[in-house]
Amino acid sequence: MVDVRRPSSGDALLDVRNLRTYFRTDDGVVGAVDGVSFTVEPGKTLGIVGESGCGKSVTNLTIMGLNPKTAVVSGEALFRGEDLIKASPKRLREVRGGEIAMIFQDPMTSLNPVHSIGTQLVEAVVLHRDVSHSQARARALEVLNEVGIPQAARRLDDYPHQFSGGMRQRVMIAMALINNPSVLIADEPTTALDVTTQAQIVRLMEALQKEYGTAIIMITHDLGVVAEIADDVVVMYAGRVVEYAQVDNLFESPRHPYTWGLLGSLPRLGAAAERLVQIPGQPPSLLFPPKGCRFHPRCAYAFGRCRVEDPRLMPSGASADHLQACFLDEETKASEAAKTLSAALA
Amino acid sequence: MYRYIARRLLWAAVMFLAVTVITYIIFFVIPADPAVLAAGRSARPADVVRVRHYLGLDHSVPYQYGLFLKRLVVDQSLGRSFVNRRQVNTMIGEAAPVTASLVIGGAILWMLLAVPIGILSALRPRSLLDRTAMVFVLIGISMPVVWIGLVLQYSIGFKAGLLPNAGYCDMINPPQGADCGGPADWFRHMILPWTTFAILFTAIYVRMIRSNVMDTLGEDYVRTARAKGAPEPRVMSNHVMRNAMLPVVTMLGMDIAIALGGAIFTEYIFGLPGLGRLAVQSLQNFDLPTIMGIVVFSTLCIIVLNLFVDILYAFIDPRIRLE
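Residue numbers (the numbering used here), protein chains in the order written: chain B, 1 to 346; chain Z, 1001 to 1323.
In isolation and in its complexed conformation, chain B is listed as follows:
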């Protein structure tokens, strides 16, 4: 089964095609990523949203070749036309931290506690460039200044535990950007931070993107972050893409019941509701995914077809650029989307 692809506006920098990542476990095979396709264009930001365990992190670890050894991978991840899935370990090491860099969810644990941040930044440089230690150190200082670490020169020899969470995430961003990568994969970079720091980090990433034209893959479950920073959005559920659209289209006319659920469950200031709205039920076990549409057990709109047939990602009636995987008819989708949005904005 090959998914319908979105017509892309230009040359894709990263073109992920029908990516599958399976993990062999003692209990059976877990299809963590099950046929995911998307493209990332230079200088643009792709948001990947979904609940914990939907495969959004595994997708990106697969692209980087950082999965555990138990992973079985198929599909393609074309980076400037070169398939990273088939790339040699040596080539992958060149790409990692060089052309594609990553930042992670928890800045408190993502830096090595026994090395100074200067050492860790210098390491990132010398792994990819043939420069002297002092040149690497100068570059480290430069990026630390760019990410807004106060008194960077003095702090270069400090250890991670001497930095706050927000500052550590800035260090992580500095480390990721130190070799001017063309793609930055940010795996929930704001989740572990408090709200004001989150905003600062998002703003910093936007500013750096503008300056260097870095493409960003922003993995998050925070639709607010997506609305702020993304150009395109992939919504993932249980290892699959259920909706894939431009950010404005997604927020103006969401076409999948799961996306409605995500939008509906955003907490709102001043709302009279005593409880937060939630999507009923739990994400399915990827060991034994439900037959038919994987979302049907939790979907209020499910009908007979959803229980037997697996919906493919298709252009929605509204736009060829807006892909969704749902059997509902277009009128129902339009009216339900409108209801969700009016409730979300109320």
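Heads up, a few of these hints could be off.
To be verified - Just some of the chain Z residues that point at chain B, by a computed CB distance under 10 Å:
#, residue
1, Lys1159
2, Arg1223
3, Pro1318
Stated by the list, open to error - What the simulated footprint calls covered on chain B by chain Z, stretch by stretch (three residues with Cβ under 8 Å from a Cβ of chain Z suffice, anywhere in the stretch; the number is not a length):
#, region
4, 122 to 130
5, 143 to 154
6, 208 to 220
If you are wondering where the hints come from, they were derived from the structure by calculation, not from laboratory data. We put the CB at the ideal spot given by N, CA and C, even for glycine.
Since chain B is already given, all that's left is putting chain Z on it; use the hints.
Quick look at chain Z alone, frame taken from chain B:
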């Protein structure tokens, strides 16, 4: 830093007093009269009284303890043995190198085995190597040291005749009349004791290093290192090992310190005249000064090595500040 060391030394002094007081109390609570033992089997009651006075055992326990402390602090002397009247300092000076040979050699052996096996097991969990290693770990932990010693002695020493059964050879200056001496003889005589002594620790350390390395491999900063493009050997040496070895350093310091006070079983089986054998002998003879001497020595070993490990730790792990 200096304040930290000063505070640690103060604590060490308190610990030292506590340990020696408790040893004294235990010694005098035991319902046996060291004077009777020292006086010999055919001694008359009057002789026993004389011996008791001669050994200073007719004073009160606190007075004797005070005298012990005074001698230790003022003369740096541990007194004379109740049994053979030799200087305890000399006896410990003779026994300590033997125990040190055994313990340090054994520690080198077990670390040489445990570090590579532990790391390889952690890198390939559930592999054939890992499973084999874990079986040997289980066996190593379950086998009593005494039994291992006797089996090695019987099979390699006696049946095969490959190595000496027992006994100790001085490495540097053998005493007059000794039938062996020098580094080569010393080494040959130590192989079986080292092996016996190291098996249990090898097993424990393999398991500890394996689990530490496995835990560390799952750390986020290891993923960060890989995401930077670091090759696997560099990830291991630069990011995994230093973190994984932190708890191992502590354990190693403690294990060596405790064993320096006497590796009783191994020394006894192989007839090594070390502190462990001396401790057993002096306990059997109710030889208080020698017992106290060994207690003092091993307490010092523990205190010094503990301090050393703490300071080392601060160098390895910047999160620990000595203040």
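Outcome of the hint check:
1. Lys1159: violated (46 Å)
2. Arg1223: holds (7 Å)
3. Pro1318: holds (4 Å)
4. 122 to 130: holds (count 4)
5. 143 to 154: n = 0 at 8 Å, threshold three: violated.
6. 208 to 220: violated (count 0)
Hint violations for this structure: numbers 1, 5, 6, all remaining hints satisfied.
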